[in-house]
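If you read the protein sequences in the order shown, they are chains U and L. So in full-length UniProt numbering, spot 119 of the first sequence is number 119, and the numbers just go up one at a time. So in full-length UniProt numbering, spot 39 of the second sequence is number 39, and the numbers just go up one at a time.
I should point out that these hints are in silico values taken from the structure, not numbers from a laboratory. One or more hints might be untrue.
[Unchecked claim] Computed, partial: chain L to chain U, Cβ under 8 Å:
{"no.": "1", "residue": "Gly29"}
{"no.": "2", "residue": "Leu54"}
{"no.": "3", "residue": "Lys58"}
{"no.": "4", "residue": "Glu82"}
{"no.": "5", "residue": "Arg97"}
{"no.": "6", "residue": "Arg101"}
{"no.": "7", "residue": "Asp105"}
{"no.": "8", "residue": "Ala108"}
{"no.": "9", "residue": "Gly109"}
{"no.": "10", "residue": "Leu114"}
{"no.": "11", "residue": "Leu120"}
{"no.": "12", "residue": "Ala142"}
Ideal placement from N, C-alpha and C gives every residue a C-beta, glycine not left out.
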Amino acid sequence: MKQVPALKIDGITIGQSLAIIEYLEETRPTPRLLPQDPKKRASVRMISDLIAGGIQPLQNLSVLKQVGQENQLTWAQNAITSGFNALERILQSTAGRYCVGDEVSMADLCLVPQVANAERFKVDLTPYPTISRINKTLLALEAFQVSHPCRQPDTPAELRA
Amino acid sequence: MTESGKPILYSYFRSSCSWRVRIALALKGIDYEMMPINLVKDGGQQFSKEFQALNPMKQVPALKIDGITIGQSLAIIEYLEETRPTPRLLPQDPKKRASVRMISDLIAGGIQPLQNLSVLKQVGQENQLTWAQNAITSGFNALERILQSTAGRYCVGDEVSMADLCLVPQVANAERFKVDLTPYPTISRINKTLLALEAFQVSHPCRQPDTPAELRA
Chain U
1 MKQVPALKID GITIGQSLAI IEYLEETRPT PRLLPQDPKK RASVRMISDL
51 IAGGIQPLQN LSVLKQVGQE NQLTWAQNAI TSGFNALERI LQSTAGRYCV
101 GDEVSMADLC LVPQVANAER FKVDLTPYPT ISRINKTLLA LEAFQVSHPC
151 RQPDTPAELR A
Chain L
1 MTESGKPILY SYFRSSCSWR VRIALALKGI DYEMMPINLV KDGGQQFSKE
51 FQALNPMKQV PALKIDGITI GQSLAIIEYL EETRPTPRLL PQDPKKRASV
101 RMISDLIAGG IQPLQNLSVL KQVGQENQLT WAQNAITSGF NALERILQST
151 AGRYCVGDEV SMADLCLVPQ VANAERFKVD LTPYPTISRI NKTLLALEAF
201 QVSHPCRQPD TPAELRA
């Protein structure tokens, strides 16, 4: 697929972030990233797919290259605002402390990086108070901090935390 | 749910995402009611207030089942798998399940969203065909290679899985956008094998309640 991420684990290589996460969940089940209840699991997957299938692919690097430099910002902003308009409404029914109830799930793993993209593309987040609140709560957790783009081995010096 | 207690599927005959769910329901023998949503008529019925209240994503498919409404075709299929587990749509082995999900996500996240109706509207009419063809060929180039390691009779081994439910509708889109399928012999072979199965036939766009007369089988 010529894309990241790819995970080499247990003798196989898996591409596609959600396929990787579901594999980790099935083989290293604790702590859970998907709730036990099938209806809540459906909400987690729906939110994850909305972001990973409905927003991010429309504003990733290769698509932006195709739309051309002068159109890129508007294009990315449109992709994100359309998706966030829907997501904000969905979260109003599903969210507790986090995207779905009060446990961190795969949906939260999709939310935070997408909000970071939104900020990079200068999307106004005022219309999305639930998204903003959950994002802020998640960013305080250690796992979201150690994994942050500003703290990676390949983070350029000028962007390093 | 309806008076009869049947699930309700909001679908458009030609929507590849809706087709995936129609196949799943057919394979699992789940009886349901179809509510057609025309994505083109009246400016797009998915934008109506009623439909938006049901599915804020303003997209098909959406499935009303067991007192909830689920959007996103793969989230729907995984819910059906977890609550109506036979026949299976995901293998038992976690590594094979990873392959099924990887292929499904490649198609549902990596190809289809780039050539769906709302994106094509944005690229403009004169660019649409090339744009859609690029999205599909990039994805199929990767998929053909992946299938060479995973495929047996079907996308992953010899059992029909969620990956196959994604493949057939995407090949139909490829044909609609006049993509040359010669470079993709594995995709073509698997597609042909699947189309012979009843679930893929009853769910076909040409046989739906909302299929226009001129496209009806």
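For each hint, the structure was consulted:
no.: 1; hint: Gly29; in the structure: violated, 19 Å
no.: 2; hint: Leu54; in the structure: violated, 11 Å
no.: 3; hint: Lys58; in the structure: holds, 7 Å
no.: 4; hint: Glu82; in the structure: holds, 4 Å
no.: 5; hint: Arg97; in the structure: holds, 7 Å
no.: 6; hint: Arg101; in the structure: holds, 4 Å
no.: 7; hint: Asp105; in the structure: holds, 4 Å
no.: 8; hint: Ala108; in the structure: holds, 6 Å
no.: 9; hint: Gly109; in the structure: holds, 4 Å
no.: 10; hint: Leu114; in the structure: holds, 6 Å
no.: 11; hint: Leu120; in the structure: violated, 12 Å
no.: 12; hint: Ala142; in the structure: holds, 4 Å
Comparing the model with each earlier hint shows violations of hints 1, 2 and 11; every other hint is respected.
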